[in-house]
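Here are the chains, one letter per residue:
2 protein chains.
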Amino acid sequence: MTTPLDGIIVLDLTHVLAGPFCSTILGDLGARVIKIERPVLGDDTREFPPFKQGESAYFAALNAGKQSIALDLKAPADRAIFERLLDRADVVLENYRPGVMERLGYGFEDLRKTHPRLIYGAVSGFGHTGPEAGKPAYDMVVQARGGVMSITGPEGGPPVRVGASVGDIVAGMYLAQGILAALVQRGRTGEGAKVDIAMLDSQLAIQEHSLATTTATGVPPGPTGARHPSITPFSTYRASDGFFVIAAGNDALFAKLAQGLGCPDWVTDPRFASNGARCENVHMLKRLIEAITLEKPRDHWIALMESAGVPTARVQNMAEAIEDPQVKARNMVVPVEQREGGPSFKAAGNPIKMSTLPDRQARGPAPLLDADREAILGWLDAAG
Amino acid sequence: MTTPLDGIIVLDLTHVLAGPFCSTILGDLGARVIKIERPVLGDDTREFPPFKQGESAYFAALNAGKQSIALDLKAPADRAIFERLLDRADVVLENYRPGVMERLGYGFEDLRKTHPRLIYGAVSGFGHTGPEAGKPAYDMVVQARGGVMSITGPEGGPPVRVGASVGDIVAGMYLAQGILAALVQRGRTGEGAKVDIAMLDSQLAIQEHSLATTTATGVPPGPTGARHPSITPFSTYRASDGFFVIAAGNDALFAKLAQGLGCPDWVTDPRFASNGARCENVHMLKRLIEAITLEKPRDHWIALMESAGVPTARVQNMAEAIEDPQVKARNMVVPVEQREGGPSFKAAGNPIKMSTLPDRQARGPAPLLDADREAILGWLDAAG
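Going line by line, the protein sequences match chains Z and U. Taking UniProt numbering, the leading residue of the first sequence gets 1, the next gets one more, and so forth. Taking UniProt numbering, the leading residue of the second sequence gets 1, the next gets one more, and so forth.
No lab work stands behind these hints, which were simulated from the structure alone. It is possible that part of the hints are untrue.
Copies of the same chain are indistinguishable here, so a pair counts whether it falls within one copy or spans any two.
Unchecked claim - Simulated pairs of lysine-lysine, PhoX-like, Cα-Cα distance not exceeding 25 Å:
hint, residue 1, residue 2
1, Lys256, Lys135
2, Lys74, Lys328
3, Lys135, Lys328
4, Lys296, Lys328
5, Lys286, Lys296
6, Lys74, Lys256
7, Lys286, Lys256
8, Lys296, Lys113
9, Lys286, Lys74
10, Lys135, Lys74
Input sequences plus hints: build the corresponding full structure.
Written as structure tokens, this is what we have:
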């Protein structure tokens with residue numbers, strides 16, 4: 001089967017998270033990703049804990065299946081190699097501060113003259129335009145400025161960050177979308193494009209309800225802990241051994257819940273008779289529910305909710321999520337192929353399941369720094 | 001300028017969030033999105049608060065610029081219209097439970113026979129395969145099962161949900177990537193594809209550090225509030241009027257921070273002399289920093305950090321984020337065009353900035369239910 005991006009060559013100059021997250025997506029879709037790292041140190045994440053046999057599990061998960069060559073883009077011999085790679089490439093990705101690629105002579109305006117079909121993807125903290133275009137950013141900086149921290153955390157409590165690095169990851173996903181759109185477009189016009197993704201922009205784009213609410217009412221929402229701001233009961237609840245979710249989104253589901261918990265009279269109790277009343281008495285209702293659910297473990301309540309037809313879920317830690325039967329059935333945690341004598345790692349599977357793309361049962365090995373230099377040079381020579 | 005998806009027709013049968021989020025992305029890239037809604041009620045989010053002149057701001061933000069036609073896919077006359085639309089479509093999106101489209105006669109295997117170029121995109125809670133394929137899910141159900149709640153929240157406290165609905169949104173983004181990849185592939189092979197996205201899968205895919213850490217060490221990480229788990233100081237801090245971020249990722253930045261706060265001796269204090277020592281004394285250091293920063297407002301400290309060269313940010317609520325000069329310069333909050341006499345709304349701008357895609361200064365109007373029926377039927381007739 002020919003994969004969607006079969007034969008597409010991606011030169012990936014990015015490091016850490018947003019850019020490598022994007023090139024993983026392109027690789028999952030069939031592209032060949034050549035990671036171009038700085039000599040000696042390589043990608044910063046090679047030093048991110050935890051380690052196995054001196055190799056970073058974090059690096060391995062984000063770079064499995066990619067090739068690595070170390071190039072100093074200021075050194076003439078390495079620049080010559082990079083330029084031969086550019087002649088073969090469909091996509092180049094970079095996450096330098098704006099201006100750095102221009103100073104190297106590889107800015108988009110330079111490259112479009114010599115490589116009009118090349119697609120140039122940039123991801124940066126604040127983008128390549130605007131008053132703060134040049135400033136550095138980190139995941140937490142854009143989580144803070146973009147508003148997601150202000151709606152995440154306990155009600156009335158201090159802001160917390162989203163535990164997954166959505167400041168980087170969402171930007172990497174938008175970059176992948178821009179690159180794919182540019183490939184569609186190039187298929188029609190023959191011309192490349194520049195894609196300019198800002199981490200801060202990407203945070204605004206995921207504020208589905210808070211942006212609409214704030215612009216319509218003038219009042220920005222705050223955090224609501226684990227509960228839905230306008231549906232009750234729709235939150236986490238304590239069992240004897242941990243938390244689980246009850247998502248009773250309407251009166252019929254609330255009736256099933258009340259019946260299941262042995263409290264059918266809740267349905268006619270004026271404090272709980274409508275969603276509006278339940279929202280007004282949300283803390284009271286939570287205590288009444290937990291007075292029951294604290295008596296037994298989560299699995300008991302999950303089974304009871306499922307038989308009652310009330311949407312539910314365990315709040316799983318990552319060890320539990322990895323062992324979740326549905327996660328396993330969907331091939332969402334896969335081994336990273338081991339190099340001979342090297343450590344074994346695991347990584348997330350490909351979430352894009354397509355009828356025209358085999359769902360791989362493992363990811364290729366994570367490359368040691370510069371491990372593919374000879375193979376890449378040989379390929380360039382063979383291609384002439 | 002011809003946009004990347006110029007001329008692409010998307011039939012969008014989805015409602016609420018994940019699917020409409022995907023079709024917004026495709027629309028931003030130039031596709032024409034025809035929203036096919038159930039008669040009378042339409043998309044559930046038409047009833048989501050807040051409202052202006054009886055119209056939902058939430059619906060408007062997610063559906064601006066789309067067309068609407070109401071069709072009952074069980075009624076012969078409406079099925080005939082849907083089938084005429086299928087003849088013109090490039091993409092169909094649905095978020096029914098697995099099996100519903102098959103019972104309507106519009107499953108992927110049916111459609112591929114009659115429309116081999118059609119790209120079929122499905123998004124569901126758990127996907128179209130696996131033991132729980134048929135179960136319903138909500139954003140919070142997959143946030144809980146997929147692990148993101150277990151790493152989000154105050155240290156040692158109860159789990160909280162991510163304030164933005166990443167359970168839906170990330171799935172919608174992966175669906176957009178799959179559709180775009182299928183368009184690239186169809187450009188080469190002439191054949192369509194099915195894309196099957198699960199909200200739960202998508203949550204696993206964004207667990208960049210916790211999945212790697214858990215599989216490498218066996219120990220799942222817990223929540224760490226607003227601080228980075230292994231870099232100090234890298235967290236939120238209290239000023240007199242709110243929270244701000246200090247992201248001092250290495251010794252040099254810590255020295256600049258200490259100097260800026262008037263405490264140069266911190267650098268040689270054995271409690272804080274290295275990142276490891278600072279991590280061990282993270283709570284002590286936080287109190288020392290806040291003993292200073294609580295005295296003055298955020299803007300004072302942001303200016304001081306910036307002049308010292310320490311990455312920083314305000315923790316902004318959505319009202320502040322919308323007014324952020326960089327957000328404005330990047331066109332990331334745009335008006336939704338007003339229908340005559342209709343309410344005015346705003347929505348997020350397009351975060352995919354491309355040299356080959358004009359950055360629109362406004363989104364098209366949000367459609368009333370079935371508002372485009374006549375225009376769509378006229379277009380079908382004109383096309384023959």
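Hints, verified against the model:
1. Lys256 - Lys135: Intra 53 Å, inter 17 Å, cutoff 25 Å: inter-copy only.
2. Lys74 - Lys328: neither (46 Å within a copy, 36 Å between copies)
3. Lys135 - Lys328: So lysine 135 and lysine 328 pass the 25 Å test across copies only (16 Å; inside, 41 Å).
4. Lys296 - Lys328: neither (27 Å within a copy, 52 Å between copies)
5. Lys286 - Lys296: Answer is within; shortest intra-copy Cα gap is 16 Å, inter-copy 39 Å.
6. Lys74 - Lys256: Neither. Shortest intra-copy (68 Å) and inter-copy (29 Å) distances fail the 25 Å Cα cut-off.
7. Lys286 - Lys256: For lysine 286 and lysine 256, the Cα distance is within 25 Å only inside one copy (16 Å; across copies 47 Å).
8. Lys296 - Lys113: neither (68 Å within a copy, 52 Å between copies)
9. Lys286 - Lys74: neither (62 Å within a copy, 41 Å between copies)
10. Lys135 - Lys74: within (23 Å within a copy, 55 Å between copies)
Checked against the numbered hints given earlier, the structure breaks hints 2, 4, 6, 8 and 9 and satisfies all the rest.
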